[in-house]
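Student: Residue numbers (my numbering), protein chains in the order written: chain A, 1 to 423; chain B, 424 to 597.
It should be emphasised that the hints constitute simulated quantities derived from the structure, not laboratory data.
A hint or two may mislead.
Computed cross-link-like contacts, PhoX-like style, restricted to lysine-lysine with a CA-CA straight-line distance of at most 25 Å [said to hold, decoys possible]:
1. A:K336 - A:K316
2. A:K111 - A:K17
3. B:K496 - B:K506
4. B:K429 - B:K496
5. A:K111 - A:K336
6. B:K579 - B:K506
7. B:K506 - A:K344
8. A:K23 - A:K260
9. A:K344 - A:K316
10. A:K389 - B:K579
11. A:K316 - B:K496
12. B:K456 - A:K389
13. A:K260 - B:K506
14. B:K456 - B:K429
15. B:K456 - B:K496
If we take Cβ atoms under 10 Å as the criterion, some of the chain A residues that face chain B in the derived model are [said to hold, decoys possible]:
16. I27
17. V29
18. T45
19. K48
20. L150
21. G277
22. I282
23. T286
24. R319
25. E321
Which stretches of chain B does chain A cover? Using the computed rule of at least three CB atoms under 8 Å from a CB of chain A, they are [stated by the list, open to error]:
26. 436 to 442
27. 448 to 456
28. 463 to 473
29. 501 to 513
30. 567 to 577
Here the structure is a predicted model, which is why all the values come from computation and not from measurement.
Ideal Cβ positions, reconstructed from N, Cα and C, are used throughout, including at glycine.
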Amino acid sequence: MSESLDQTLAEKILTAKVGRPVKAGDIVVVPVDLAYVQDGTGPLTFRKMEEMGIPRAATPSRSIVFLDHASPPPRRELAADHVYLREFAARTGMILHDIGDGVCHQVAFEKYVRPWDLVVGADSHTVMGGAMGAFATGMGSTDVGVAIGLGKTWLRVPETLRFEVTGELPRGVMSKDLILRVLGDIRSDGAAYQSMEWGGGAIDRMPMHERMTLSNMAVEAGGKCGPIASDGETRTYLAVHGREADWRPIAPDSGARYAKVFDYDGPSLEPVVATPGSEDNIVSVTDPSLRDVPIHQVYVGACTNGRFEDIAAFSKVVRGEARHPNTRVIITPASKEAYVLTLKSGHLQTLLEFGAMINSPGCAACPGVHGGIPGDGENVLSTQNRNYKGRMGNPNASVYLGSPLTAGATAIYGVITDPRTVV
Amino acid sequence: MGRAWKFGDNISTDLISAGRFYHLRSNLPELSKHTLEDARPEFAAGVRPGDFVVGGRNFGKGSSREHAPIVIKMCGVRAVLAKSFARIFFRNAINNGLAAIVCDTDRIADGDELDVDLAVGVVFDRTAGFQLPFAPLPVVMEAIMAEGGLAEYIAKHGDLATPHERAGARPDAP
């Protein structure tokens, strides 16, 4: 194994998997530690596995089917897909997370992803696993079918962009604002085929749920993965989830070679939003152009920002306030855990009294399947990760992206509002 | 020969195969009728076998839905040309035997008559009278493309190893 101290997180993990030193640019065949599909990609994965002659799981206990996008199914075609997925899981011994358990990436993070893992998922936001100190990447159905059936995949070892964030994020600013700012700076192909590695004092001090948002949106810059070192915070997260034995530290080498290093000053960050059409159209939340845009729907959810802490952040902003009469509020917990904690903490009551609706855990309206499709000409402020034309199920609606705190302030005033005025 | 259907930068997989048709993903013939609908509504009805989809930068950005290249291929598209591709779309295209070619598409106009020689690595614009050379795929992807896709490759070879690796060399050996 390599003794040289010049490896990035991505190179380190892939070196350990391959069993010989690898560097950016190498093409490698690697064993996969965790592979999963969801209900939109899984049916094609399994049909392809049957076509390939490998309708089985190499490691059933590390191969998972999540029924999350149509949870519960709004149409009989999707219910039929679920029937097939459940049957295939039962036949192969794969783990099944049925409707109501939550978004694949969130549940995988709570229960399965470990530091040093090579994770492959048939969903682009699989990159969220990077916050665990894993190499986690999204692929298509057939690639993941091979990963499930044969237990391996091929990869080009990516170059790494290092994002160094100093200090601390100020009041009213969340990691969502940081990643949106980065997207505005490097654009939606700024990390194409590369690893987005995060570090610096602000990341070291950042709680896990906030780190997850950073890793989640690596793919919005075209990134292959978004790894973050595994440290004491990682250990605490795993311990809270009954998995402390899964903890292993990992950090990039001090002499790691980066394609580029980007420095951000945490204290000078501000709340921002992405305006409709692309996640890299970034403006300050105080931008005058936002003042005259009525927000018809506020959506809090998705693997990006549907965790308990996100819902609680929203709830604390709106507690005791009146919802703007023309702004409906839809909350979709990212997992059953998030939902239960929202209930036990009392936030569920706050949210219902504020006039919010609560969806079952899952993806719901983010990818436009169900649970809050906006109408023609309507504007949405969502905590999700994408705002492409048609993304929420209607090409004639407009989607703005922001943090849960910005969502809270916006739900009160009916237009996108600076959360620093209310927190 | 086929016509160029020109698209801009950052064509997302939502524009190629929208989320509101999620329920059609197990009904690919129906899903393919909505290919690129939110980018050019006339595309699916007007495209003819042998035509080309021509994008700008970052074609296929966004989700991992493999249905995106599959429905483009089902429309009879010969190849997708772009200045750059988002990585999951690129893998998915090759995995389904859909040629995804990186070249400078700025000079190609909508409606130009195009041809391609995949073996030589050149796109011909017969209307404007120029050629665009392009680089070969990485060895591992070339092997997958040669079999018509990843499923076909695995069905035939039973494993992921490239011909080079089966011969004892590393998969990235020249």
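Student: A separate judgement is required for each hint: does it hold in the structure or not?
Tutor: Verification of the supplied hints:
1. A:K336 - A:K316: Satisfied, since the Cα-Cα distance of roughly 20 Å is no more than 25 Å.
2. A:K111 - A:K17: holds, 21 Å
3. B:K496 - B:K506: With Cα atoms ~19 Å apart, B:K496 and B:K506 stay inside 25 Å; holds.
4. B:K429 - B:K496: holds, 16 Å
5. A:K111 - A:K336: Between A:K111 and A:K336 the Cα gap is close to 12 Å, so the pair holds against 25 Å.
6. B:K579 - B:K506: violated, 32 Å
7. B:K506 - A:K344: violated, 51 Å
8. A:K23 - A:K260: holds, 16 Å
9. A:K344 - A:K316: With Cα atoms ~15 Å apart, A:K344 and A:K316 stay inside 25 Å; holds.
10. A:K389 - B:K579: Not satisfied, since the Cα-Cα distance of roughly 40 Å exceeds 25 Å.
11. A:K316 - B:K496: violated, 49 Å
12. B:K456 - A:K389: Answer holds: B:K456 to A:K389 is near 18 Å, not above 25 Å.
13. A:K260 - B:K506: holds, 22 Å
14. B:K456 - B:K429: holds, 18 Å
15. B:K456 - B:K496: holds, 12 Å
16. I27: holds, 4 Å
17. V29: Holds. Min distance 6 Å.
18. T45: A:T45 check passes; min Cβ-Cβ to chain B is 9 Å, inside 10 Å.
19. K48: Hint holds; A:K48 Cβ to chain B Cβ min 5 Å, cut 10 Å.
20. L150: With a closest approach of 6 Å, the A:L150 hint holds.
21. G277: Status holds, d = 9 Å.
22. I282: violated, 15 Å
23. T286: It is violated, given that the least Cβ distance between A:T286 and chain B is near 27 Å, above 10 Å.
24. R319: This interface hint is violated because 33 Å lies over the 10 Å limit.
25. E321: violated, 32 Å
26. 436 to 442: holds (count 4)
27. 448 to 456: Since three or more residues must qualify, the claim that chain A covers the segment 448 to 456 of chain B holds, with 3 doing so at under 8 Å.
28. 463 to 473: With 0 residues closer than 8 Å to chain A, the segment 463 to 473 of chain B misses the three-residue bar; violated.
29. 501 to 513: With 4 residues closer than 8 Å to chain A, the segment 501 to 513 of chain B meets the three-residue bar; holds.
30. 567 to 577: holds (count 4)
The structure is inconsistent with the numbered hints 6, 7, 10, 11, 22, 23, 24, 25, 28, although it conforms to all the rest.
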